[in-house]
Structure formats: C-alpha cells, structure tokens
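Protein chains in written order, with this note's numbering: chain A, 1 to 79; chain B, 1 to 79; chain C, 1 to 149; chain D, 1 to 149.
Worth flagging that the hints you see were computed from the coordinates, not collected in a lab. Take these hints with a grain of salt, some might be off.
A short list of chain D residues far from chain C (calculated; beta carbon distances all over 10 Å) [as the list claims (entries may be wrong)]:
| # | residue |
| --- | --- |
| 1 | Thr7 |
| 2 | Arg36 |
| 3 | Asp37 |
| 4 | His38 |
| 5 | Val68 |
| 6 | Gly83 |
| 7 | Ile85 |
| 8 | Ser97 |
| 9 | Pro99 |
| 10 | Arg109 |
| 11 | Ile112 |
| 12 | Lys124 |
| 13 | Asn129 |
| 14 | Glu133 |
Below, computed lysine to aspartate or glutamate pairings styled on EDC-like, alpha-carbon distance capped at 16 Å [unchecked claim]:
| # | chain 1 | residue 1 | chain 2 | residue 2 |
| --- | --- | --- | --- | --- |
| 15 | D | Lys124 | A | Glu23 |
| 16 | D | Lys58 | A | Glu56 |
| 17 | D | Lys124 | D | Glu66 |
| 18 | C | Lys62 | B | Glu56 |
| 19 | D | Lys62 | A | Asp55 |
| 20 | B | Lys2 | B | Glu23 |
| 21 | C | Lys58 | B | Glu23 |
| 22 | C | Lys124 | B | Glu13 |
| 23 | C | Lys116 | C | Glu5 |
| 24 | A | Lys2 | A | Glu23 |
Beta carbons: idealized from backbone N, C-alpha and C, even for Gly.
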Amino acid sequence: MKIHVRYFAAFREAAGTAGELVETGASTPAALFRECAGRHADLQTYSASLVAINDEMADWEQPLADGDEVLFFPPVAGG
Amino acid sequence: MKIHVRYFAAFREAAGTAGELVETGASTPAALFRECAGRHADLQTYSASLVAINDEMADWEQPLADGDEVLFFPPVAGG
Amino acid sequence: MNSFEVTSGTIEPWILRERLADRACGAYVQFEGWVRDHNEGQRVLRLEYEVYEPLALKEGQKIIDEAVERFGLNHAAAIHRSGLIELGDIAVLVGVSTPHRGEAFEACRYVIDQLKVRLPIWKKEYYANGAAEWVNCQRCAEAGHRHEL
Amino acid sequence: MNSFEVTSGTIEPWILRERLADRACGAYVQFEGWVRDHNEGQRVLRLEYEVYEPLALKEGQKIIDEAVERFGLNHAAAIHRSGLIELGDIAVLVGVSTPHRGEAFEACRYVIDQLKVRLPIWKKEYYANGAAEWVNCQRCAEAGHRHEL
C-alpha cells in the first residue's frame, strides 16, 4: 500500500527530506519507521518520539491503511 | 506596671478605642487581654488572634515588662 | 529586588515582572488576588484593607526571604494593597522568577499562603445591602485557635 | 475564552489576564516561559520553535479543556510562540482565573506540564559558539521511551 510519510524537526534533518510517498508492506507505524530508518541512515530510533496518523495522535502499533499520512515526531520540547 | 495597649480592626471597634494606657498586674498578653475584655464587653476572645509586643510578633504567654506596647490583632485576612 | 511592599495606590499587574526579569530565568509565576463581587452568598461592592504597616512590612519581608532561601529562588517579590479598593482591582500581587518552573510555582504558592495568615492585615467587606463586616481568614475560623508562628 | 493559540508574533504578558478577568474570580495565576541565555552550560543566543500547527492547536485545546473540567475552573487559556524568538521573550504564556487560589495554581501547573510533553513543538537552540541543536524535552530523555498519551 501507499503511505505518505512526513518528518519533523530533527527527523527531517536526519532523513534529509520533509516527506516522501512510500510503497510499503509495513502494517504499523513502528514497522514503517524501521523501514524508513533502513533507507535514511541518520534516522536511528523512535525512542521517546510520537506518531500521528492523518492529524490524530496515534499509537506505534496502530494498523495502517492505504493512503494514510503518517507523521513522525521526534521528542517534543514545547515551552 | 504601665502597658500601652493598641487594638486593631474588629478589636478596635469592639473596644471602642484604638488604644489605651493601662496600669496592670497582668504578666502575659493572654492575662492582659482577659483584663481588657473585662472592661470592654464586646472584646470577647482572642481565639485565632495574634499579639505583638513592641512591633515584634509575640507569644500569648511571653512575659510583659513595664512600658511595653502590646498590639492585639484580631484574626488576620490578607490577600 | 526581593522586596515586600504595601501601597494605597493601584497595583499595576506588570510592575513585578519587569523588576524580576532576568535572562538566567526560564520561568516566571505570578499570582494576583482580585477583589471578588461576592463572598459567602453576599454581593460585595468594595473592600477595605487595614494594614498595620510597621509589622506587615517586617513580616512580609521575612516571608519573601524565607521563600528565596527555601526554594533557592533567583527573585521573588510581593505587594499588598491598603485602604479602600474596588471590584476587579488587584489586592495582592506575588511574582517569582527562577531558572526552572517547579520552584517558581511552589515558591509563589508559599508566599501567598504565608502572606494570608501571618500579616497584620484585615479585610472589611461592604455589601450591597448596606452592611459592612470584618472578614476572618478561613483557616483561622476553621482552626478556631491562633496560628503557630 | 478558554482557548489555546500559536503565534509567530511577540506574546505580550497582559494579553491573557485581560481576557480572563472576571469579577467572580478572586485568584489569577499566570505562568510565563522566558527564553534563557543558557542551557546545560552553553550560552544561548536565540531559539527557534518549530510547531506543527494543525495538531498543536488540537492537542493544546484538549489540554485547556481537560484543565477546566478537572479543576472546575472558570477560565484558562494559553499561547505558544512559533519561529525565531529572542532572549527574554515569552515563549509560552498560561493564565488561569478561579474563585479561589488552590485550583488556579494546580491548573496552571497542569497546563504547562502537559503542553511541554504533548504538543508537536520542537526547540532549536542557537549557541554563542555558532552551533545549533534540537533540544530534547528532559522528561523524554530521562524516560528514554515515548510518552503514554
């Protein structure tokens, strides 16, 4: 299936891109992240990170659907 | 001995005066207050009140000395 | 800078934060006590604070110094109003600035809690029905005995 | 009135208290996050906040609504800055007004604590030595795992 991936802040700098359209068999954000990290060497870990699917905060083990937009958020630091 | 007594807020209204010079044998602020309450019927109790001697916060059982200024503070309500 | 004051004039809300501004500090917490239009079911028109200044200033300064010492603060200050004061006005203002926010919250709370029970300050409320009454600090009334100092 | 906002302009310190003013309220607590000139031993020249607004606004509003519900508040609001921001500026402002002070302190603390860990906002620090770095939220770094939401 096709997934739109978006990277923010340190993840964007590590991936070298703000986003990409990927063809994947990954069924969860966790699996998808590992796949992306395989392509972008600096994208090491999602420890302490957050994920959103279609502009809703999501769980790393939530199932993905074709056409989803997945947002990878590195550790946040508001305030 | 001679003691200067000062009444504040509700105590002033109850005593009908802001202060008085008293000749007393009371050895503590607690005893002095009871004596003053005997003269001023509306001055009922010092429960929840504070006392100061010569502009220092004091204890109700602290000894008094001739010429002391004793301040009777009804329950406070700052802020 | 770490001062306690009493004033009979309007307390402007920005007066303390300007004084306590410090580029080493990442957190500023401010408490404002506003004059409410009601108390225990009665409609309040205005307040009057009687302040015995010589001791209020001494005891207020002690509270500020305790807070600075106890919470390791960079800066803390407070101002209390005296005399007649209108609805919506600031009756008391407390400001605390620190590198991190935890201490700022705790210290600000400590200062206002202590100011309310230790200062020789009394509040008279003027009600819509024409009556006026000295208001007891709730903690005193509940405890029914004098505070430990 | 109980709103969360993001702005790229200067946050004026009085903007929330005016909006949250209410004569039924006796207490107002304000938290200001100031840009510090140092972090972990490095001299900081300025900050940049990257904010993913669609979700930050949604999640920020949720936090405000939770605080109002949980602490029975009259009013609460917060504003977070985005983009480049200078030393001493306000990065985040939280205001809470309530009849009594206990809830105001607790709710203000709740809002800033939650904003810091739940919003998709990232901070880049620019140092005196020319370097720039994304700063991790301390709690995340210490916990070493993602937050429960």
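Results of checking the hints against the structure:
For Thr7/D, the condition that its CB be more than 10 Å from all CB atoms of chain C holds, with the nearest at approximately 18 Å. Consistency note on Arg36/D: stated as away from chain C, yet its beta-carbon is not over 10 Å from all of that chain's, at 4 Å minimum. Separation of Asp37/D from chain C is inadequate, the least Cβ-Cβ distance of about 4 Å not exceeding the 10 Å criterion. Listed as outside the interface, His38/D is inconsistent with that label: its C-beta sits roughly 7 Å from the nearest C-beta of chain C, within the 10 Å cut-off.
Residue placement check: Val68/D keeps its beta carbon more than 10 Å from all beta carbons of chain C (closest about 18 Å). Non-interface call for Gly83/D relative to chain C: holds, since the shortest CB-CB distance, roughly 19 Å, exceeds 10 Å. Separation of Ile85/D from chain C is adequate, the least Cβ-Cβ distance of about 13 Å exceeding the 10 Å criterion. Residue-level check failed: Ser97/D sits 8 Å from the nearest beta carbon of chain C, not beyond 10 Å.
The claim that Pro99/D is not at the interface with chain C is violated, since a C-beta of that chain comes within 10 Å of its own (minimum 7 Å). Not every Cβ of chain C is farther than 10 Å from the Cβ of Arg109/D; the closest lies at roughly 5 Å, contradicting the non-interface assignment. The Cβ of Ile112/D does not lie farther than 10 Å from every Cβ of chain C; its closest approach is about 6 Å, which violates its non-interface assignment. The non-interface label for Lys124/D is consistent with chain C: the shortest C-beta to C-beta separation is roughly 16 Å, beyond 10 Å.
Look at Asn129/D: its CB is around 18 Å from the nearest CB on chain C, clear of 10 Å, so calling it non-interface holds up. No beta-carbon of chain C is positioned within 10 Å of the beta-carbon of Glu133/D; the least distance is around 17 Å. For a cut-off of 16 Å, the pair hint linking Lys124/D to Glu23/A is broken: about 32 Å separates their Cα positions. Proposed proximity of Lys58/D and Glu56/A is supported: the alpha carbons are some 9 Å apart, at most 16 Å.
Distance check on the hinted pair: Lys124/D and Glu66/D sit about 29 Å apart at the alpha-carbon level, beyond 16 Å; violated. At most 16 Å may separate the alpha-carbon atoms for a hinted pair to count; Lys62/C and Glu56/B meet this at roughly 12 Å. Among the hinted pairs, Lys62/D with Asp55/A is consistent with the structure: their alpha-carbon atoms are about 14 Å apart, no more than 16 Å. Our distance criterion of 16 Å between C-alpha atoms is met by Lys2/B and Glu23/B, whose separation comes to about 5 Å.
At roughly 29 Å between alpha-carbon atoms, Lys58/C and Glu23/B are farther apart than 16 Å, so this suggested pair is violated. A threshold of 16 Å between alpha carbons decides the hint, and for Lys124/C with Glu13/B the separation of about 12 Å falls inside it, so the pair holds. At most 16 Å may separate the alpha-carbon atoms for a hinted pair to count; Lys116/C and Glu5/C meet this at roughly 14 Å. For the hint linking Lys2/A to Glu23/A, the alpha-carbon distance of about 5 Å falls within 16 Å, and the restraint holds.
Of the numbered hints given earlier, the model fails hints 2, 3, 4, 8, 9, 10, 11, 15, 17, 21; all others are met.
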